[in-house]
Amino acid sequence: MQIKDKILPGKLLLLLAVILVLGGLLFSGCTVRSTPVGWSGVAVTDNALFVASLEGELVGLNKSDGNPLWTGCPLGTSKETVAVYTTPAVDGDLVYVGGYDGRVYTVSSTSGYRERVYPLDDNLESIVGGLVVSGGRVYFGCDDGKVYALSADEFRKEWEFQTGDKVWSTPVVSGETVYVSSFDKKVYALNVADGTEKWHFETEGGIVSTPLVYNDTVYIGSFDRHIYAVDAADGSLRWRSEVEADKWFWAQPIAYDNIIYAPNLDGKVYMLDTESGYEVAVPAELDSPISSSPVVVGDKVIIASQEGRVFSLDTSSNMVSTSIFTVSNDDEVIRAPLCASEGVVYIHAQTSKHDTLYAVDVETGREVWVPVSLS
Amino acid sequence: MEWWNAGPVALMINSLVALSSYLHGSLGLTIIILTIIIRFAMYPLTVKQLRSTKAMQELQPKIAELQKKYAKDKKRLADEQMKLYREAGVSPAGCGVPMLIQMPIWIALYQSIIRLLAITPEDLLGLSKALWSWPVVYTMVPLNNSFLWFRLENPDTPLAVLVGVTMWLQQKMVTPDSTDPQQRSQSQLMLWMMPLMFGFLAMSFPSGLALYWVASNIITIIMQYFITGGWGGLSKSKGGRAVVKASIGKSSGDLKKRIAQAEQSAGITAMEADIVVPASTPEDEAGGDVSADKPRGAGYPGDAKTIRRQSKRSRGHRPKGR
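Respectively, the protein sequence lines represent chains A and B. Counting with the working numbering, you get residues 300 to 674 for the letters of the first sequence. Counting with the working numbering, you get residues 104 to 425 for the letters of the second sequence.
Among the clues, some could well be false.
[Stated by the list, open to error] To give a feel for the contact side, a few chain A residues facing chain B, derived at Cβ under 10 angstroms: (1) 334; (2) 467; (3) 507; (4) 545; (5) 605.
Calculated directly from the structure, the hints in this document are not laboratory data. No residue lacks a Cβ here, since even glycine has one placed at the ideal position from N, Cα and C.
Model the full assembly from the supplied sequences, consistent with the hints where possible.
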């Protein structure tokens, strides 16, 4: 066909513009939306550590030297890599872990072999929050908005409770009550035996953070940027923090010596009196958002920022030190909750494709053993 | 691209969230409403684009005639075309420039919808960085991703089909039923390629995006109806050929009048282009004067598609005695 003229007709120009737009949309769509990667926390026993890697394997390590106890146990099917956001739960010689594929797995802590899967032939919606094993039951929340209780020995569902939206927090068991928060802005108190609701309390924003039960009070951080203290027995409000953070409360708060330490995505740690809710000190400011739940080691609160730095907050002065440890790879971030045992804090840091486990002495800031590459 | 995420995309995200507070937190409804708002905010550009498109379509017959006439003289063809555009007050880029101006807005809306869907925990964590310090924004997220029969974060086949159908309807409205084979093939390409492409994409993207496309297409159809004065190609599609036949069947006096108008406006001496001429004829291949060797009075083919009136210039160059 002859080219009749050198001037592009308006339609071809339009077609070219549309193709460019489409290409831009395609590219931008691919780069804006992320695939699930995971950020598993670390479970620690007397002698071992358990963590799920970015490759979807449960890894068991010797606590004293970081050497593997067994080769990684792959979760999921052979065709897919399962993202894991949950912190494994250890009960006896079994390790329980939930996957983003909507299944709960048990793995033998001694052999590393996968023992059981729930559900067996199907899958639930994604599991993001952690699991807790208590009183012969396994409790966890799910993307379908339900809280499940399975029998730990037979791995059968004993009950389920439906909330109004996704459950991304870890259930907390205290006595005969299991407390869990939901995206539907509520904190629920359920009977451990049958899952019936005792009470619920509604905040003004969605809740991702795991509740903290301390001194018969449930403390919870909400997307409405406030901390709430709710009576554990009847769900009545004790106080709502006057201070309003700049961003969401994401990580679980911790308590020490009647002070709540609540990290926020604005990079600050808010310190509130457990009885009154008033601030006891100016918020400690880190260098980047905090999505990793802190831990208490001795009289220090150990906190990690997303950019890979670990800080120590002295509870006597409520002042935060300069960074006591920084991950070795500049691209690594810390999103997984911290774990501590015997003066050592365990940090699971990751890039989008690679993750590393660090063991750091809190007092010296030095690595106890060579960082372990998990994938 | 930090400025892009912190500026236009963040503005869209926060606007969507704030708007959702008036719509019971429904992200689906919010997408539709915001799409409507933005389309009407860009109404002047849309009007300009549609009118320019229509004007270009109306000039196509004259352009086709110029192309036939100056097939061998590219420079003259270009000059005559530009002259025609100037006299008609139409710019060839008038169709595409308004669309290019609107592109950043649509891309920002597209990206903000994806980010608001926040399917994975990483997405939700990342979304927190884009939110402004408005109380209503923080309390609304995460939004309700259920809408009608589907979840906005999952692909939905019926909705994807609707994307293709509405886009086809929109395209058909502005696609002229050209008699020129080249124009026709280009039009058909546009008419089918884009709906198929978008429909296919919609099957793999979150249905929140498909919802946005459907809403946008429907609004465009409504705008086109009122701006261009009717259903355009949709109403002509059944009688497309009837238009050609009707043109041919008009009285010779009417035909002369139309020819005179065309000649007056652009110095064209060829026929009214409503009459179809095959893409490849011996005359075309020979180029230049097409009737030089055709004897006067020789039988013209009875088929209307091959009827061709001799040009004035060609009469003057007809050899005598034939």
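Violations among the numbered hints: none
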